[in-house]
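Q: Sequence:
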Amino acid sequence: MQIKAHVALIEKFYTAFSQKDAKTMAACYHQDLAFEDPAFGVLNHRQACAMWVMLLSGSSDIEISFKNVWSENEFGGVDWEAKYLFSKTGRKVHNVIDAKFEFKDGLIVGHRDHFDFYKWSRMALGMSGVLLGWTGFLHRKVQAQCAQLLSKHMAEHC
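Taking the UniProt record's numbering, the leading residue of the sequence shown gets 1, the next gets one more, and so forth.
For the record, the hints were derived by calculation from the structure and aren't laboratory data.
C-beta atoms are modelled at their ideal positions from N, C-alpha and C, and glycine is treated no differently.
Check the hints yourself; a few may be wrong.
Each computed BS3-like pair below joins lysine-lysine, with the alpha-carbon atoms no more than 27 Å apart [to be verified]:
#, residue 1, residue 2
1, Lys152, Lys92
2, Lys67, Lys119
3, Lys152, Lys141
4, Lys104, Lys20
5, Lys20, Lys4
6, Lys100, Lys23
7, Lys83, Lys104
8, Lys12, Lys67
9, Lys88, Lys20
10, Lys83, Lys20
11, Lys20, Lys100
12, Lys4, Lys152
13, Lys83, Lys152
14, Lys104, Lys141
15, Lys92, Lys20
16, Lys88, Lys141
17, Lys119, Lys92
18, Lys119, Lys88
19, Lys100, Lys141
20, Lys100, Lys12
21, Lys119, Lys4
22, Lys23, Lys152
23, Lys92, Lys104
24, Lys83, Lys23
25, Lys4, Lys23
26, Lys141, Lys119
27, Lys67, Lys141
28, Lys4, Lys92
29, Lys152, Lys104
30, Lys4, Lys88
31, Lys119, Lys23
32, Lys12, Lys23
33, Lys67, Lys152
34, Lys83, Lys67
Per label pair, the in silico range of CB-to-CB distance [stated by the list, open to error]:
#, residue 1, residue 2, range
35, Thr89, Ala5, 17 to 25 Å
36, Gln145, His94, 28 to 36 Å
37, Gln31, Ile3, 39 to 47 Å
38, Ile3, Gly136, 34 to 42 Å
39, Lys12, Asn73, 30 to 38 Å
40, Ser87, Ser65, 35 to 43 Å
Let the hints inform the model, and build the full structure from the sequences given.
A: Shown next as structure tokens:
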């Protein structure tokens with residue numbers, strides 16, 4: 001029964017994401033959440049919820065799709081895709097993400113998104129992504145910029 005509940009929770013999260021419903025997404029997260037992805041790094045519950053609000057409010061053209069939802073005991077995963085225009089460059093991005101989850105008390109307590117940062121940087125940044133996307137330098141620079149944007153968003157809206 002728990003496996004079905006975890007699959008339903010992942011489906012609820014990504015259905016809400018596709019409908020740009022950050023409030024429902026946040027309701028799927030446990031207060032002890034640890035989120036991680038290549039762009040934002042490691043975030044806590046408050047930061048992750050603010051990140052989704054920021055991303056969804058700033059991107060009216062985002063398209064989210066998901067498939068291959070699974071769960072086994074306290075773990076689960078999904079393959080999802082995001083299509084959007086990267087606001088900083090106006091370039092089209094089609095990011096393919098593998099998400100892994102951990103569950104606690106019927107909610108998501110661990111959420112880790114994995115994607116090819118180099119591939120993303122080439123789409124989002126163009127030539128600078130082609131030339132530097134494979135380097136730790138650009139990866140750290142993007143994470144620093146994302147952290148700065150999130151801090152600013154949280155200071156203004158949270």
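Q: If I claimed the Cβ atoms of Ile3 and Gly136 lie 34 to 42 Å apart, would that claim hold in this structure?
A: holds (38 Å)
Q: Is the Cα-Cα distance between Lys20 and Lys4 27 Å or less?
A: Distance ~24 Å between Lys20 and Lys4 Cα, so the pair holds.
Q: For the pair we were handed, Lys4 and Lys23, check the Cα-Cα distance against 27 Å.
A: Measuring from Cα to Cα gives roughly 22 Å; hence the hint holds.
Q: Quick one, are Lys119 and Lys88 close enough, alpha carbons at most 27 Å?
A: Holds. Lys119 to Lys88 sits at ~17 Å (cutoff 27 Å).
Q: Evaluate the given range 35 to 43 Å for the C-beta pair formed by Ser87 and Ser65.
A: For Ser65 against Ser87, whose Cβ atoms are near 20 Å apart, the range 35 to 43 Å is violated.
Q: Please verify whether Lys12 and Lys67 have alpha carbons no more than 27 Å apart.
A: Holds - the C-alpha atoms of Lys67 and Lys12 are around 13 Å apart, at most 27 Å.
Q: Are the Cα atoms of Lys67 and Lys119 separated by 27 Å or less?
A: The given pair, whose Cα atoms are some 21 Å apart, holds under the 27 Å limit.
Q: Does Lys20 sit within 27 Å of Lys104, going by the straight-line distance between their CA atoms?
A: holds (25 Å)
Q: Does Lys141 sit within 27 Å of Lys152, going by the straight-line distance between their CA atoms?
A: Cα-Cα ~17 Å, so holds.
Q: Sort out whether Lys152 lies within 27 Å of Lys83, counting only the CA atoms.
A: holds (24 Å)
Q: Do the alpha carbons of Lys100 and Lys23 lie within 27 Å of each other, as the hint requires?
A: holds (21 Å)
Q: Within a Cα-Cα threshold of 27 Å, do Lys119 and Lys23 meet the stated pairing?
A: violated (30 Å)
Hint compliance for this structure: hints 7, 12, 14, 21, 23, 27, 28, 29, 30, 31, 33, 35, 36, 37, 39, 40 are broken, all remaining hints hold.
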